[in-house]
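Novice: Residue numbers (our numbering), protein chains in the order written: chain B, 1 to 253; chain W, 1001 to 1308.
There's no promise every hint is true.
[What the hints assert, rightly or not] Below, simulated EDC-like cross-link-like pairs (lysine to aspartate or glutamate); rule was C-alpha separation at most 20 Å, straight line:
1) Lys-252(B) to Glu-1070(W)
2) Lys-252(B) to Asp-1302(W)
3) Lys-253(B) to Asp-1023(W)
Because the hints were derived from the structure by calculation, they are not lab data.
Quick caveat: nothing in here was measured; it's all calculated off a predicted structure.
One-letter residues, chain by chain:
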Amino acid sequence: MSFRAVSTIYKYEMLRTWRTLFQSVASPVLSTSLYFVVFGTAIGSRIQAIEGVSYGLFIVPGLIMLAILTQSIANASFGIFFPKFTGAIYEVMSAPISFFEILLGYVGAAASKSFIIGIIILTTANLFVDIQVAHPIWMLTFLILTCISFSLLGFILGLWAKNFEQLQIVPLLIVTPLVFLGGTFYSVNMLPPIWQTITLFNPVLYLVSGFRWSFFEVSDVHVWLSLAVILSFLATCIAIVWWMFKTGYRLKK
Amino acid sequence: MDTIISISNLSKVYANGHQALDDVSLDIKRGEILALLGPNGAGKTTLISTICGLVSPTSGSVTVNGFDIEEDYRQARELIGLVPQELTLSAFESLWHTIDFSRGLFGKPADVPYLEQLLKDLSLFDKKDQEIHMLSGGMKRRVLIAKALSHEPMILFLDEPTAGVDVGLRKDMWKIVHKLRDAGVTIILTTHYIEEAEAIADRVGVINKGKLLLVEDKDNLMQKLGKKQLIIELSEAIRVIPESLASYALVLSKAGNKLTYHYDTTADGTGITTLLQRTREAGLSLKDMQTKQSSLEDIFVDLVEEST
Ligand SMILES: Nc1ncnc2c1ncn2[C@@H]1O[C@H](COP(=O)(O)OP(=O)(O)OP(=O)(O)O)[C@@H](O)[C@H]1O
Ligand SMILES: [Mg+2]
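Given the sequences, and given the hints that come with them, work out the whole structure.
Specialist: Below, the structure written as structure tokens:
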């Protein structure tokens, strides 16, 4: 294991974030603030509390999830897609390191960045509403697991994508709907029964539910079920990445 | 001299069925400059990419300093620096960050003086804080060399190092290559330019359609395969070649004042002595005489034609 190589990839990926600091951090913070103003304050004041939690508070965990999901996918996919696109990936591929080390560097950096953004958004939200975290350890566990697994998903996407269009289409057509239909802005109980059943197939629901439970002890599904789902999602991503590396998928000719 | 890279029966068939390497075997000697010469699509880049781990071989094996490129890839790759054919750089990083990244990626601890000296040697030092996209094509080529050398490799692969580089820079590049060789680095380069191989290589390998046609010491190659020409200039032009000289297959120039004789330097006798004698006997008077060695280019064209 070459820690120096891993930390080099990590460091330069974080440096890239730093270079594009404004779009990396400012835009998720800005859009989250807008959600607060519109949903939390303007509309939220007319919506009654859900299971005893005011609407402004209720959407906080969902908004954080929304941001870190999109950010993880965007960062990790771009991080590996771009060198693949320019051809600069040749250097990483010819370096004396294993695929696992490459993964650790790229996904580690993307996940760290998402985690930082998650914390920043939480802090920003705290300016609008007074947030209490009932189970901080659970909260961090969900946050970290989500950052890692969706960064892995982004990495897979970046390896798979052959062009910029493919790189953008997946987040747009698949991830955004999943996130919006995953109980980010509502409780599943508020949906008609048929939609409640359909929603149960959406993995994002389990993330949002578990994460929300760690704040307010209010959830759509049991917290252990949430944990099981995120862990299986993580395991699936790891299996796919392992297969990709084993076969040199789209990296090695 | 001992072998640093040993390639045995290496073949590569790409996913689309194209055979880019066909049973290539080659031993590269420690400390030499080997030029791989071949037309477009010959398989030069594929060969280099396979050794460097970018292409997986279909069959055959390669060892680098005794380490198998697949089983002991870490030890093998540590020794190698690669300068790719294309200008593949991430545009928005600074030059300094780019080479610092390369060094770290290969597991070497930071060494600012070494990297600074490297940039100075490549006349890039004053550009070190610029972003890559602000550099010219020739500078980018040198940045790629700096990246490859950043981890102090024992072996350097240069895939067409002087493509798109002006004459002055090309000469500089050759100087760099010689300096590296003097420092003990083994260098493998590919080129389309025969003069380049002729100017800097110790050995030349000719590759076409995935087959390694030959590998020879450059000087030997020139001697062994090089036909020589003897050009005889006559004081008075003639219209026909005299009967007595018919067996020499001479070529008469249009103006009728030059006779060209092709001979093989490796043959038992060149036939020059008797030729000259018979020329005199035929009553021709000689004004001047010169011999010409075929260039590597002629040899190369012959070989490639033979193989097609
Ligand atoms: N990824 C690939 N898939 C299929 N065929 C390929 C691939 N890469 C190269 N080839 C083919 O393999 C052959 C050898 O290519 P290669 O790049 O090794 O040639 P080269 O000798 O480096 O040529 P050049 O002098 O133009 O750089 C060519 O016919 C090329 O079209
Ligand atoms: Mg090539």
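Novice: Just to be careful, I want the Cα atoms of Lys-252(B) and Asp-1302(W) compared with a cutoff of 20 Å; is the pair within it?
Specialist: violated, 35 Å
Novice: Does Asp-1023(W) sit within 20 Å of Lys-253(B), going by the straight-line distance between their CA atoms?
Specialist: holds, 18 Å
Novice: CA of Lys-252(B) to CA of Glu-1070(W), is that 20 Å or under?
Specialist: holds, 13 Å
When held up to the earlier numbered hints, the structure conflicts with hint 2 and nothing else.
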